[in-house]
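Protein chains in written order, with the working numbering: chain R, 223 to 305; chain D, 223 to 305; chain B, 280 to 434; chain L, 280 to 434.
In short, the hints are calculated from the structure, not lab data.
Note that the Cβ used here is the ideal one computed from N, Cα and C, for glycine as well.
From chain B, some residues computed to sit far from chain L (all C-beta separations above 12 Å):
#: 1; residue: Met280
#: 2; residue: Ile284
#: 3; residue: Ala286
#: 4; residue: Glu287
#: 5; residue: Thr328
#: 6; residue: Glu337
#: 7; residue: Arg338
#: 8; residue: Gln342
#: 9; residue: Thr345
#: 10; residue: Glu346
#: 11; residue: Cys404
#: 12; residue: Glu405
#: 13; residue: Arg411
#: 14; residue: Asp416
#: 15; residue: Ala417
Label-pair restraints from in silico Cβ distances:
#: 16; chain 1: R; residue 1: Glu285; chain 2: B; residue 2: Arg364; range: 56 to 66 Å
#: 17; chain 1: B; residue 1: Thr297; chain 2: D; residue 2: Trp257; range: 47 to 57 Å
#: 18; chain 1: L; residue 1: Asp290; chain 2: R; residue 2: Trp257; range: 39 to 49 Å
#: 19; chain 1: B; residue 1: Gln349; chain 2: D; residue 2: Pro289; range: 25 to 35 Å
#: 20; chain 1: R; residue 1: Glu285; chain 2: L; residue 2: Arg338; range: 13 to 23 Å
#: 21; chain 1: D; residue 1: Trp257; chain 2: B; residue 2: Arg338; range: 21 to 31 Å
Lysine to aspartate or glutamate pairs mimicking DMTMM-like chemistry, simulated, CA-CA at most 20 Å apart:
#: 22; chain 1: L; residue 1: Lys396; chain 2: L; residue 2: Glu337
#: 23; chain 1: D; residue 1: Lys234; chain 2: B; residue 2: Asp416
#: 24; chain 1: R; residue 1: Lys234; chain 2: L; residue 2: Glu405
#: 25; chain 1: L; residue 1: Lys398; chain 2: R; residue 2: Glu295
#: 26; chain 1: B; residue 1: Lys396; chain 2: D; residue 2: Glu282
#: 27; chain 1: R; residue 1: Lys234; chain 2: L; residue 2: Glu406
#: 28; chain 1: R; residue 1: Lys237; chain 2: L; residue 2: Glu412
#: 29; chain 1: L; residue 1: Lys396; chain 2: L; residue 2: Asp416
#: 30; chain 1: R; residue 1: Lys234; chain 2: L; residue 2: Asp416
#: 31; chain 1: L; residue 1: Lys398; chain 2: L; residue 2: Glu346
#: 32; chain 1: B; residue 1: Lys396; chain 2: B; residue 2: Glu337
#: 33; chain 1: B; residue 1: Lys398; chain 2: B; residue 2: Glu341
#: 34; chain 1: D; residue 1: Lys234; chain 2: B; residue 2: Glu406
#: 35; chain 1: L; residue 1: Lys396; chain 2: B; residue 2: Glu386
#: 36; chain 1: D; residue 1: Lys234; chain 2: B; residue 2: Glu405
#: 37; chain 1: B; residue 1: Lys396; chain 2: B; residue 2: Asp317
#: 38; chain 1: D; residue 1: Lys234; chain 2: B; residue 2: Glu412
#: 39; chain 1: D; residue 1: Lys237; chain 2: B; residue 2: Glu412
#: 40; chain 1: B; residue 1: Lys398; chain 2: D; residue 2: Glu285
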Amino acid sequence: MNVLYFAWVRTKIGKGREDVTPPSTVVTVADLAAWLRQQSPGHAEAFGNLACIRAAINQEFVEPDTPIPAGAEIAFFPPVTGG
Amino acid sequence: MNVLYFAWVRTKIGKGREDVTPPSTVVTVADLAAWLRQQSPGHAEAFGNLACIRAAINQEFVEPDTPIPAGAEIAFFPPVTGG
Amino acid sequence: MTVRIQAERFDTGAEIDTLAAGNTAIGGVASFTGYVRDFSTESGVTAMTLEHYPGMTERMLEQIETEARQRWQLEASLIIHRYGRMTVGEPIVLVVTAASHRQAAFESAEFLMDWLKTKAPFWKCEETADGREHWVDARESDDLAAARWGGLPCG
Amino acid sequence: MTVRIQAERFDTGAEIDTLAAGNTAIGGVASFTGYVRDFSTESGVTAMTLEHYPGMTERMLEQIETEARQRWQLEASLIIHRYGRMTVGEPIVLVVTAASHRQAAFESAEFLMDWLKTKAPFWKCEETADGREHWVDARESDDLAAARWGGLPCG
Chain R
223 MNVLYFAWVR TKIGKGREDV TPPSTVVTVA DLAAWLRQQS PGHAEAFGNL
273 ACIRAAINQE FVEPDTPIPA GAEIAFFPPV TGG
Chain D
223 MNVLYFAWVR TKIGKGREDV TPPSTVVTVA DLAAWLRQQS PGHAEAFGNL
273 ACIRAAINQE FVEPDTPIPA GAEIAFFPPV TGG
Chain B
280 MTVRIQAERF DTGAEIDTLA AGNTAIGGVA SFTGYVRDFS TESGVTAMTL
330 EHYPGMTERM LEQIETEARQ RWQLEASLII HRYGRMTVGE PIVLVVTAAS
380 HRQAAFESAE FLMDWLKTKA PFWKCEETAD GREHWVDARE SDDLAAARWG
430 GLPCG
Chain L
280 MTVRIQAERF DTGAEIDTLA AGNTAIGGVA SFTGYVRDFS TESGVTAMTL
330 EHYPGMTERM LEQIETEARQ RWQLEASLII HRYGRMTVGE PIVLVVTAAS
380 HRQAAFESAE FLMDWLKTKA PFWKCEETAD GREHWVDARE SDDLAAARWG
430 GLPCG
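For reference, chain R alone in the conformation it holds in the complex (with noise of 0.2 Å):
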């Protein structure tokens, strides 16, 4: 699975891509934040909460109990703020 990074989410984890495979348990977007948040101590920081990440999924903005399809691109990253 394919998941980017942007914004001080990718700074705290220190690497903007990485290829994760999850258990066959995480089903949703807020299913994989929780997950990520226990692989290393920069993951436990950038989702320590989850009040401040937002997720898309295959360039569209998602909701956290969106569920994953297969072969997605996910991202995650703070509330934008450009303009």
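Based on these hints, arrange chains D, B and L on the given structure of chain R.
Only chains D, B and L this time, still in chain R's reference frame:
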């Protein structure tokens, strides 16, 4: 009394400015318009429908019932169509 | 804070650049440029002449710019309005507003344009391809004010 | 109807001129340019870097431009958003809309900017004069959506 005309008020009267000496019974802007209407066929046409006439005294829009101060610059014109 | 009434064409881009240059408190610049539209398929209009009331125009535009600066926190503003003869595609009017915050820039630009359309002493005379001219009617909104005088259609 | 995501600076004036040129159905062009503001007296910020999500950015901007064209009758529109490092006074974002009628141009430009601010995947990292960097917090409005996840302050 110095009176200015713009747009089709000007073209109907045939001049953009004239110096007039109305009788002392002419007190308000509406009085002046009614008196000017009698001065020529062109004036009669220009002031034929007072619903279509706007006025300014000393370069500020005024209502028909505004009294004309001494030495004022009066202007008559159609509703504006700028921008 | 500038108001210009001129016969000459203006360059929207150059005016915006000049207004924004050097003031780093500016977070956003909003602009509106009005053009002579091509109505020729409907009406045969190919050009128009804008008449104005010299002196009163400057006075009214400065008044409304002052009003805008009281309502919104503006870093800079510019109004240019042309008079004289213009052909299809030429720019007629430009409003530019600069502020720290985007909403102030947008709202004040829209306010200035609304006001220009209804209060600035300009009158449009359109020319058709066959050489005829006619004065453009005022918009419906103006007919409310007209009700005070009486009730006949204008001509 | 154009969307551009680029690191290079852009020229607001040239972009507006290009958009309006040659289409005589255009009656009005509205624009908004956002700049890097000088916060240095408050915070010491001298520059910033905008990170974005390549691919998703283009996709989202094209979606919202399509939405704007469905809501308003537009003759032309342009969105330019920069990414990368920018110093105080540099332009960040440009929205230009052209329509027959002024209200459509104004409203659609404001709609596009509102949307860009809340939905386009960009993140600002500010630099202070002492060389430190920090990520800018999202605006309050975003906290409504955040309520679905839980309720702690972000950091």
